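In order, the protein sequence lines correspond to chains W and D. Counted the way the numbering used here counts, the first sequence spans residues 3 to 227. Counted the way the numbering used here counts, the second sequence spans residues 3 to 227.
For the record, the hints were derived by calculation from the structure and aren't laboratory data. Given the structure is predicted, the values throughout are model-derived calculations rather than measurements. Where a beta carbon is used, it is the ideal one built from N, C-alpha and C, also for glycine. Careful: at least some of the hints might be erroneous.
A few chain W residues that don't get close to chain D, going by computed Cβ distances all over 10 Å [stated by the list, open to error]:
| no. | residue |
| --- | --- |
| 1 | Q9 |
| 2 | K27 |
| 3 | V41 |
| 4 | A55 |
| 5 | R63 |
| 6 | S83 |
| 7 | G84 |
| 8 | V106 |
| 9 | Q109 |
| 10 | V138 |
| 11 | R182 |
Distance windows between CB atoms, simulated [said to hold, decoys possible]:
| no. | chain 1 | residue 1 | chain 2 | residue 2 | range |
| --- | --- | --- | --- | --- | --- |
| 12 | D | V186 | W | S24 | 35 to 45 Å |
| 13 | D | S180 | W | R182 | 22 to 32 Å |
| 14 | D | E197 | W | A25 | 48 to 58 Å |
| 15 | D | S180 | W | A25 | 35 to 45 Å |
| 16 | W | G173 | D | Y48 | 51 to 61 Å |
| 17 | D | P89 | W | R183 | 49 to 59 Å |
| 18 | W | Q208 | D | D218 | 43 to 53 Å |
| 19 | W | R142 | D | A70 | 37 to 47 Å |
| 20 | W | H50 | D | D114 | 36 to 46 Å |
| 21 | D | G108 | W | E215 | 39 to 49 Å |
| 22 | D | D59 | W | H50 | 22 to 32 Å |
| 23 | W | L176 | D | V186 | 22 to 32 Å |
| 24 | W | G34 | D | Y48 | 30 to 40 Å |
| 25 | D | S180 | W | K32 | 47 to 57 Å |
One side only, chain W facing chain D, incomplete, derived with CB under 10 Å [claimed, not checked]:
| no. | residue |
| --- | --- |
| 26 | D56 |
| 27 | Y75 |
| 28 | Q78 |
| 29 | A80 |
| 30 | F82 |
| 31 | P85 |
| 32 | R87 |
| 33 | I94 |
| 34 | S119 |
| 35 | D121 |
| 36 | R125 |
| 37 | Y147 |
| 38 | D189 |
2 protein chains.
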Amino acid sequence: MQKMMQQVVCTVDVVLLTLQDSALKVALLKRGRAPFKDVQALPGGYIHPDTDADTRDAALRMLAQKTAIQPPYLEQLATFSGPARDPRGWSISVVYYALVPFDVIGQAGQADVTLASVDKLPRLSFDHRAIVNTAVQRLRGKSQYSSLPCYLAGEAFTLPQLQRIYEALMGEALNKVSFRRKMVEMDMLEAIAGEFSAAGAHRPAQLYRLKPELRDQLTLIARGL
Amino acid sequence: MQKMMQQVVCTVDVVLLTLQDSALKVALLKRGRAPFKDVQALPGGYIHPDTDADTRDAALRMLAQKTAIQPPYLEQLATFSGPARDPRGWSISVVYYALVPFDVIGQAGQADVTLASVDKLPRLSFDHRAIVNTAVQRLRGKSQYSSLPCYLAGEAFTLPQLQRIYEALMGEALNKVSFRRKMVEMDMLEAIAGEFSAAGAHRPAQLYRLKPELRDQLTLIARGL
Chain W
3 MQKMMQQVVC TVDVVLLTLQ DSALKVALLK RGRAPFKDVQ ALPGGYIHPD
53 TDADTRDAAL RMLAQKTAIQ PPYLEQLATF SGPARDPRGW SISVVYYALV
103 PFDVIGQAGQ ADVTLASVDK LPRLSFDHRA IVNTAVQRLR GKSQYSSLPC
153 YLAGEAFTLP QLQRIYEALM GEALNKVSFR RKMVEMDMLE AIAGEFSAAG
203 AHRPAQLYRL KPELRDQLTL IARGL
Chain D
3 MQKMMQQVVC TVDVVLLTLQ DSALKVALLK RGRAPFKDVQ ALPGGYIHPD
53 TDADTRDAAL RMLAQKTAIQ PPYLEQLATF SGPARDPRGW SISVVYYALV
103 PFDVIGQAGQ ADVTLASVDK LPRLSFDHRA IVNTAVQRLR GKSQYSSLPC
153 YLAGEAFTLP QLQRIYEALM GEALNKVSFR RKMVEMDMLE AIAGEFSAAG
203 AHRPAQLYRL KPELRDQLTL IARGL
């Protein structure tokens, strides 16, 4: 029994996604050692049973160590497994995905984190290309019926800014009136009293934020966008 | 490194769900050995890296060995982990859920498989109660916008039978006309030429089946039921 368990390599990886100029991007790091030395990879590593409370805790530890980012939203994506995905042996990777506003990545100031467009990925280590594609599919699917895209928007945002985020993820233009009605129905946003965007040529727009009690749970949109 | 990996116990468990008289039930087996000897548990066990192609393959092996059932639909639910869920050590369970028509469980004829109502679970081993609750939540959520409930219906079914399955999972009555329209929109069913239900006092009803090409993939309902 002990012999069989030795053969399973147990890791956690994180797909950290952000929007930069309406393009969906994933955070990558160049691996410092074999296997796949110098090839880009998702932030990840071995589970540490001595200190990790669970795989979610391990994912947060990887992000803190390797990207210095505490994501506002982190969800388990899926577990990838098999004998061929990691040359070190039969392996499991429990994968999480996280969404962060673009400026959070900038502020973390980790020079070795690079952002790659999910539609134009470089060569990736292990089965990380398949993992990124699965995460993007999940995010795009959930964008149609949940508050998930809000976690890409930062602390405060206008409704037009939020609509542009939904449109970027869904890949289609949305009707402004029905978008606003759905946001009201979801009852997840609150206007920030007295705060308006500096709007250049436009009329200043009200700033909103996610209601504090909803910051770590998704709100679903009845019947989708 | 080897030392850390030894400490992770890697298992797979399956939540096998069926509908019996409109009640959602889960398949349980009494454990034959410690830990939790003689306590009900989900079908599951250790990953066998020597022979399992991946965790899905391991899940199908557990079901075949312990319940003699090949489920028409099997999906990864989530991975549960931590130091406290299994007394043998820091553990991971990659959990799948499967849907089978009630008569399939009867035909498999495994005397030691018992069915428990998900709303009235007996004492369960490990964290299997939390796992069952997560699976039920996923199934009920997905029933609102997918073909998932069809896998509980058997090879051939009438539209009224299918509607009763959706209603049992969603816990609410559905409008017959709009239910039929949604089923047509999903374009996943085909009428079985010349086959009608024996209907007692009722007019015989057309029998339908899932289109063969859709048997192992979900169809989504645009904007939900």
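We went through each hint and held it up to the structure:
no.: 1; hint: Q9; result: violated, 4 Å
no.: 2; hint: K27; result: holds, 26 Å
no.: 3; hint: V41; result: holds, 20 Å
no.: 4; hint: A55; result: violated, 6 Å
no.: 5; hint: R63; result: holds, 13 Å
no.: 6; hint: S83; result: violated, 4 Å
no.: 7; hint: G84; result: violated, 4 Å
no.: 8; hint: V106; result: holds, 26 Å
no.: 9; hint: Q109; result: holds, 31 Å
no.: 10; hint: V138; result: holds, 17 Å
no.: 11; hint: R182; result: holds, 18 Å
no.: 12; hint: D:V186 with W:S24: 35 to 45 Å; result: holds, 36 Å
no.: 13; hint: D:S180 with W:R182: 22 to 32 Å; result: holds, 26 Å
no.: 14; hint: D:E197 with W:A25: 48 to 58 Å; result: holds, 52 Å
no.: 15; hint: D:S180 with W:A25: 35 to 45 Å; result: holds, 39 Å
no.: 16; hint: W:G173 with D:Y48: 51 to 61 Å; result: violated, 43 Å
no.: 17; hint: D:P89 with W:R183: 49 to 59 Å; result: holds, 52 Å
no.: 18; hint: W:Q208 with D:D218: 43 to 53 Å; result: holds, 48 Å
no.: 19; hint: W:R142 with D:A70: 37 to 47 Å; result: holds, 39 Å
no.: 20; hint: W:H50 with D:D114: 36 to 46 Å; result: holds, 38 Å
no.: 21; hint: D:G108 with W:E215: 39 to 49 Å; result: holds, 47 Å
no.: 22; hint: D:D59 with W:H50: 22 to 32 Å; result: holds, 28 Å
no.: 23; hint: W:L176 with D:V186: 22 to 32 Å; result: holds, 26 Å
no.: 24; hint: W:G34 with D:Y48: 30 to 40 Å; result: holds, 33 Å
no.: 25; hint: D:S180 with W:K32: 47 to 57 Å; result: holds, 54 Å
no.: 26; hint: D56; result: holds, 4 Å
no.: 27; hint: Y75; result: violated, 16 Å
no.: 28; hint: Q78; result: holds, 6 Å
no.: 29; hint: A80; result: holds, 6 Å
no.: 30; hint: F82; result: holds, 8 Å
no.: 31; hint: P85; result: holds, 7 Å
no.: 32; hint: R87; result: holds, 9 Å
no.: 33; hint: I94; result: holds, 6 Å
no.: 34; hint: S119; result: violated, 26 Å
no.: 35; hint: D121; result: violated, 23 Å
no.: 36; hint: R125; result: violated, 23 Å
no.: 37; hint: Y147; result: holds, 8 Å
no.: 38; hint: D189; result: violated, 18 Å
Checked against the numbered hints listed earlier, the structure breaks hints 1, 4, 6, 7, 16, 27, 34, 35, 36, 38; every other hint is satisfied.
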